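First to last, the sequence lines map onto chains A and B. Each residue of the first sequence is one higher than the last, beginning at 1362 in this note's numbering. Each residue of the second sequence is one higher than the last, beginning at 1362 in this note's numbering.
Just so you know, these hints were derived from the structure itself, not from any lab. Not one of these hints is a red herring.
Here are the simulated DMTMM-like cross-link-like pairs (lysine to aspartate or glutamate), alpha carbons at most 25 Å apart as the crow flies: (1) A/Lys1533 x B/Glu1565; (2) A/Lys1401 x A/Asp1418; (3) B/Lys1644 x A/Glu1657; (4) B/Lys1633 x B/Asp1593; (5) B/Lys1644 x A/Asp1694; (6) B/Lys1369 x A/Asp1617; (7) A/Lys1532 x B/Glu1565; (8) B/Lys1557 x A/Asp1558; (9) A/Lys1661 x B/Glu1657; (10) A/Lys1369 x A/Glu1683; (11) B/Lys1689 x A/Asp1617; (12) A/Lys1369 x B/Asp1617; (13) A/Lys1557 x B/Asp1530; (14) A/Lys1661 x B/Glu1641; (15) A/Lys1689 x B/Glu1641; (16) B/Lys1505 x B/Asp1466; (17) B/Lys1533 x A/Glu1565; (18) B/Lys1464 x A/Glu1565; (19) A/Lys1661 x B/Asp1694.
This one's a predicted model, so the numbers in the text were calculated from it and none came from an experiment.
2 protein chains.
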Amino acid sequence: MTDQAQIKVARGSKPYLRIATEEGFCPPELLTAYRKLIEKNAVDDPAFNTMFRFYLDSPSARVRQINNGLVSVGEFRLKQMDDAGIDKAILSLTSPGVQVMEKDDAVAFAAYANDWLFSEMKSAPDRFYGLTAIAPQDPAAAAKEIERGHHMGLRGVIINSHTKGEYLDDKKFWDIFAAAEALGTPIYLHPQTPPKDMSRPFLERGLDGAIFGFAVETSLHMLRIIIAGVFDRFPKLTMVIGHLGEAIPFWLYRLDYMHRAGVVSQRYESMKPLKRTISEYMKENVYITNSGVAWEPGIKFCQQVLGVDRVLYAMDYPYQYEPGEVAKLDEMDMSDADKKKFFQTNAEKVFRV
Amino acid sequence: MTDQAQIKVARGSKPYLRIATEEGFCPPELLTAYRKLIEKNAVDDPAFNTMFRFYLDSPSARVRQINNGLVSVGEFRLKQMDDAGIDKAILSLTSPGVQVMEKDDAVAFAAYANDWLFSEMKSAPDRFYGLTAIAPQDPAAAAKEIERGHHMGLRGVIINSHTKGEYLDDKKFWDIFAAAEALGTPIYLHPQTPPKDMSRPFLERGLDGAIFGFAVETSLHMLRIIIAGVFDRFPKLTMVIGHLGEAIPFWLYRLDYMHRAGVVSQRYESMKPLKRTISEYMKENVYITNSGVAWEPGIKFCQQVLGVDRVLYAMDYPYQYEPGEVAKLDEMDMSDADKKKFFQTNAEKVFRV
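Based on the sequences and whatever the hints tell you, model everything.
Take a look at the structure:
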């Protein structure tokens, strides 16, 4: 797609491993399940329907690469990782995972996806790591699945933003946070398209997906979680967000200023005083990855405002498979020590790799 | 509100003027009009109703300062500008202006607001400059009002994002762009709260306003305008957005990548090839101000990725009246030449001050 795609680098060419931390997969049955949901018109979500009508059947080369990549946790993916200089990948069930399904189907498919991943990862246990998929539709079952995944050896939890328009700041979901905190396992909050009562102004101009709507949906969700006091209730909870923190790092000053103003003026019943500022939660409870943003100015800005210990590498495979991006990021104007944190040791710490 | 509020600076203390470029005002009758609209339940917009029920009657000190500031284009405001070290202010009708009114009322009130501003500005013609308010509800009348304002000596056009859920990328509004381009006068796209079919997930946790929803609404609107090809049709049109570009500078890499992917895959009928990349339009047709974001890391990041000629100073008076913020920004680690562009000469160029 770009000139950089021609420049490849080898694994082992630098004094750090490259660990990619937001890499999508799915069992083939997930795509079949989405097709059935769409054919039955069973999902009340225009953005989901638009996106998967396109992704399931588009003949475009980009979509074929994505679908081939998603269903491989084996040779095809390892070859592409080798070509891109990626040593290890942390795999998570692609968005929206089971979160568009009916409750019982969602609980069952999440468990199936975790078993499938666990089995497939055995093809290269030193290169593949995984996160536990859950069905927030059933918070008690989700908490149990987090435990099961943790004891299987999975390294965190994946949640693909809203579930049928509901957000995790609603206390009915807080068993999920309790389980993750108790086990010391991180929750990766991944994008999906905005829900039906938000998406119209995005859809009209093709802005609902990765170009913009994903980021808005996910940053909104993360802010709802912070403002609801989740990290005051669960102070040891760790969360991870991709795409350079979905622009929250860019907004730290304004978020702190306006959150304080909102609390002082008591405008909202749902906005109470917190123990710390929004930027403090971002620096102490949240890690970010650069998935989909192989861009030195953005990466360095986030390191500057959050700290070099908070920013991790991710490619966003197979959605942004750019074999040359690693060579470009290897050349960032950044110390080798900071590059090692970015590419390797921050991920080792957060995901116990 | 903060320690910096205690540190004041004098006008004339530095080798540059300080021109604040996104400073709100309204004739007192606008607040009366909003009160009537709310009492009659005439505006089908939950975020507008929530916000103005609060702003019209809250006893909080912050809201009293805002309302006193809004209705003064004279002594009260000049004293506050003196205290903050601001030499000149570019005034614009506060959000959402007339854009919540019925068409005929909106057209009439926009003209009234422009006449009121023109008259009040005479109290200090070397310190006050203004933008022309319009009613997008009637694009032909809006185009005429842009001409009338221009010939009165106003220096640009203010539009407070969506009009009853409609966006300016709809071709029915393009007479507005044609008029602004023909006169060489900039359009300032200012935030308002998201429309009714977008705002629910924001409102539930107090995120609809300046803390977050404003930025999402306005960046979405600006991206819709770019992707619709407005700058291909009107290549000499200049637009301005505040709040450090509403985070669009942070997203330049991802926007260019995903716009190209969307065009190539032909996923959306409403996303056609453009002559330039999104980041090129941002660097060539759009200026940004730092309204509400008195934060060195964000300002310098935007200067880095857009160029020092594209970033202008704004205080966002009276919403963020911080008399000490200028002293803090005076001390940014930045050359005097670049500070002069930021505080003075970029504004002189864009708004013909």
